[in-house]
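Peer 1: Could you build the full structure based on these sequences and the hints that come with them?
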Amino acid sequence: METLGAFAAALIGVPLALYAYIRLSEPMARLRPGKASLLRPWIWLFPSLALVAVFLVYPVIDTLAASLRSADGGSYVGLSNYGRVFTEPDNLGALKNNLLWLAFFTLGTLLFGLLIAVLSDRVRYEAAVKALVFIPMAISFVAAGIIWKFMFEFRPAGEAQVGTVNAIADILGGQPRAWLADKSVNNLALIAVGVWMWTGFAMVILSAALKAVSVDILEAARMDGASEAQIFFRITLPCIAGTVVFVATTLMINVLKVFDIVYVMTNGNLGTDVIANRMYKEMFNFHDSGEASAIASVLLVCIIPVMIVNIRRYRRQGHVNG
Amino acid sequence: MKKFLALLLACAILSFISCNQSQSAKAKDSVTVLGVWGGQEAEAFAAMTKVFTERTGIPIQFEATRDIDAVLTTRVQAGNPPDVVILPNPGKLYELAGAGKLVDLSKILDMKEFDKNYASGWKDLGTVKGKLYGLFVKAAIKGLVWYSPKALKDGGYSVPSTWDEMLSTSKKIMASGKAPWSVGIESGSASGWVATDWLENIFLRLNGPAAYKNWYEGDLAWTSPEMKEAWERFGEIVAEPGMAYGGAAYINSTNFGNAPAPLFQKPPKAYFHMQASFIQSFILDSFPGLKPAEDFDFSAFPAIDSAYEKAVEGGADIVAAFSSSAKVKSFMNYLASAEAQSFLAAGTGALATNRNLSLVFYPDALTKRAAEILNKSEIVVFDASDMMPSEMNAAFWKGCVDFVASPSSIDSILENLDKVRLAAYKK
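Same order as they appear, the protein sequences are chains A and B.
Residue 16 in numbering that gives the first Met the number 0 is what sits at position 17 of the first sequence, and the numbering runs on without skipping anything.
Residue 356 in numbering that gives the first Met the number 0 is what sits at position 357 of the second sequence, and the numbering runs on without skipping anything.
Calculated from the structure, these hints are not laboratory results.
You may find that some hints are simply not true.
[Claimed, not checked] Each computed DSSO-like pair below joins lysine-lysine, with the alpha-carbon atoms no more than 27 Å apart:
{"id": "1", "chain 1": "B", "residue 1": "K418", "chain 2": "B", "residue 2": "K227"}
{"id": "2", "chain 1": "B", "residue 1": "K268", "chain 2": "A", "residue 2": "K148"}
{"id": "3", "chain 1": "B", "residue 1": "K265", "chain 2": "A", "residue 2": "K148"}
{"id": "4", "chain 1": "A", "residue 1": "K182", "chain 2": "B", "residue 2": "K268"}
{"id": "5", "chain 1": "A", "residue 1": "K256", "chain 2": "A", "residue 2": "K182"}
{"id": "6", "chain 1": "B", "residue 1": "K425", "chain 2": "A", "residue 2": "K182"}
{"id": "7", "chain 1": "B", "residue 1": "K418", "chain 2": "A", "residue 2": "K95"}
{"id": "8", "chain 1": "B", "residue 1": "K425", "chain 2": "B", "residue 2": "K130"}
Given the structure is predicted, the values throughout are model-derived calculations rather than measurements.
Peer 2: Right under this line is the structure:
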C-alpha cells in the first residue's frame with residue numbers, strides 16, 4: 000500500500016507538478032514585458048538546476064568540507080586527512096593498484112574491443128559474435144564477481160579442478176594457481192574480470208565508428224596496392240582515432256571508480272585494494288567520514304581532467320567524423 | 000481544467016499520507032522488534048512470538064534488516080527507536096548502553112528467575128557499569144574440532160584432547176602422506192574471521208579469560224609475547240608444509256562453508272576441521288546423506304594450559320530494550336524463558352542460553368551435546384573479534400589473511416595491528 004502510494008505519486012504527481020509549474024510560471028515571465036523571452040528559459044531550467052544543486056553540487060561541497068574535518072565531522076583538522084590518504088600503507092597500496100587497473104584495464108579493454116570489432120566486421124555471423132561479447136555488459140558487477148570466483152576456484156595440484164581456469168591449465172599440463180590468493184597474479188585476475196565485462200562496450204562503439212569509415216578511401220587504397228595492415232594502421236585507425244580516445248577516456252573514468260569486482264572477489268585482501276574500496280571501508284566500516292571524504296575528493300580530482308577531455312571530444316563529435 | 004488538475008494532485012498527496020498513517024496506528028498497541036534475523040531464524044522467531052501473542056493479545060511487529068548498524072543509528076537519532084532490538088554483536092550494545100539509550104533489564108526482568116536460568120558469564124557480558132542491558136539468546140559454540148569417526152578409525156587415529164596430542168596425531172597423519180587439517184578462511188568481505196576464531200581459542204587456552212578480556216578491550220599489545228605465541232601456534236597449523244590441506248593457497252581461497260568437505264571425501268583428504276557449532280548445517284547441505292554423531296562428530300578445542308581446559312568460546316545474538324512499558328516487560332520476560340528459547344533451538348539448531356531448557360528440544364544428538372557443553376562450561380567468553388571496535392576487527396581479519404599468505408611477516412603484521420589498536424580504541 001505504501002509503495003503503491005509512492006508509485007502513484009511519482010507517476011501522476013511529478014508530471015502534474017511540472018506541468019502546473021510551467022503553466023503557473025508563465026504569468027510570472029509576462030510580468031516584465033519585453034524581458035519575457037529572456038526570463039522564460041531560466042524559469043524552465045530552474046527545477047533541473049535546483050535538483051542538480053541539491054543532489055550534485057551540495058554533496059560535492061559537503062564532501063570537500065568533510066574532508067577537512069575529523070572522523071566524526073566534529074573539529075577542523077586541516078589537510079591531515081589528505082596526509083593520511085598519501086602516507087598510510089593501505090592507501091598507497093590502493094593508489095598503486097588503481098594505476099595498475101588504469102593501465103591494464105584500459106589497454107586490455109581497448110585492444111580486445113578493437114580486435115573483435117575489426118575481425119567481426121568481416122564475417123557473416125558478425126551479429127552473433129557481437130551479441131556474445133556484449134552479454135557481460137548486461138550482468139551486474141556483483142554477479143560477474145561471483146561467476147568469476149567460481150571460474151578461479153582452486154583445488155590443490157593433483158585433485159580434480161572444479162574452476163574453469165584451473166581446469167584448462169590442468170588440461171594444458173600446467174599447475175593450478177590460487178588466482179585470487181596468489182599475490183603475483185591476483186590483481187591481473189581481477190583486471191581480467193573487468194576487461195571481460197567492458198570489452199563489449201568498447202567493441203560496440205568502435206564497431207560503429209569502423210562502419211562509418213568511407214568505403215571509397217579503403218577501395219582507393221586497395222587499388223593502390225596497400226596491404227591490409229597498412230590500410231588498418233594508415234587509414235582505418237586515424238579515421239576512428241576520435242572514437243578510440245572517447246572510449247579510452249570513458250573507460251578511464253569507470254576504472255578509477257572500480258569497486259564492485261574487488262569488493263565481491265577479494266575485498267582488497269592480499270594487496271588487491273583499490274581507492275573506492277578504501278573509501279567504502281573508511282566510511283561504512285570505520286565511520287571515519289573525514290578520511291573517506293578526503294579519498295573521495297582525491298578520486299574526484301583525478302577524474303576531472305579525464306572528464307574534460309571526454310566532454311570536449313563529445314562536443315566536437317558533431318562536426319568531426321568519429 | 001486547472002481546478003481539475005489541482006484536485007487530482009491533492010488526491011494523490013492525501014492518499015500517500017493516509018496510507019502512511021494507517022501503518023503507524025497499527026504499531027501503537029504492538030511491540031516493535033528490529034533485528035537481523037531472516038529465513039529459518041525469522042520463521043522460528045515468528046513461531047515463538049505467535050504463542051506469545053495468543054496468550055497475551057500483544058502483537059509483535061518484527062522488522063528485519065541486514066544493515067542494522069545504519070538503520071538503528073538513524074532511528075535512534077530520529078527519536079524513533081524500536082521497542083526491542085536484536086543485535087548480532089556486543090559492540091553496538093555497549094555503544095548504546097554507554098549513550099544511555101537502553102533500558103536497565105534488571106528493572107523489567109524477573110531477576111530471581113534470570114539468575115537461576117543464566118550462567119553468570121552471559122550476565123556479565125550483558126552488563127555495563129553494573130546495569131544489565133543485554134539478554135543473550137541463540138548461541139553457538141566456537142572452536143569445536145570436527146572429524147569423521149569412521150575416517151579416524153580406518154586410519155587408526157584417536158581424537159586429540161591436548162595441543163601436544165594434536166601435534167603428534169597430525170605428524171602421524173602427515174607421515175601417511177595426507178593432510179591432518181582442512182582450513183578455509185575465505186568469506187567475502189569478512190574473509191579471515193575463521194582464523195580469528197582459531198587465534199581466540201588458542202589465546203584463551205594459553206592465557207585464560209582475564210588476559211583474553213584485556214586483549215579485546217585493547218589493553219594488551221598485539222606485539223606482546225603472549226599474543227605472538229598464539230599466532231605462532233596457529234602457524235603450526237597453517238604455515239607448516241603438509242599440515243593443512245592445499246597449503247596457504249587453499250586456505251585463503253576456500254570459503255569457510257566448503258572447508259569441511261575434504262574430511263568427507265572418499266578417501267578423506269583431511270581429518271580435522273575447526274569451526275563453530277553452526278557448521279553442522281553446512282556439512283549437511285553439502286553431504287545430505289551424512290548422519291550427525293555417526294558420520295561426523297566434534298570434540299572440544301585441544302587444551303593447552305590445563306587450568307583453562309574447560310573454557311568455551313561462544314557467540315550469540317543479543318536482545319536489548321528501548322522501552323520499559325508493560326507490554327515490553329512481558330515480552331522480554333517471555334524471551335528470557337526456556338519456553339521461548341525452545342522455538343529457536345528446535346527451529347534453527349542454535350543453542351539456548353537459558354540453561355534450564357530441556358535438551359529434548361534440540362533437533363539431533365550433536366546439537367544436544369553442544370548445548371550440554373555450553374550449559375556445563377565454567378568459563379564462557381565471547382568471540383573477541385566481535386567485541387573489538389570495527390576498525391580493529393577488520394584489521395584483525397586482514398592480518399590473519401596476510402599471515403596465512405606469508406607467515407614470516409608475523410612481526411610486521413602484529414606491529415601494524417598494534418598501530419590500529421592505538422588509534423581504534425581512542426574513538
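Peer 1: Of the hints given before, which are not true for this structure?
Peer 2: 6
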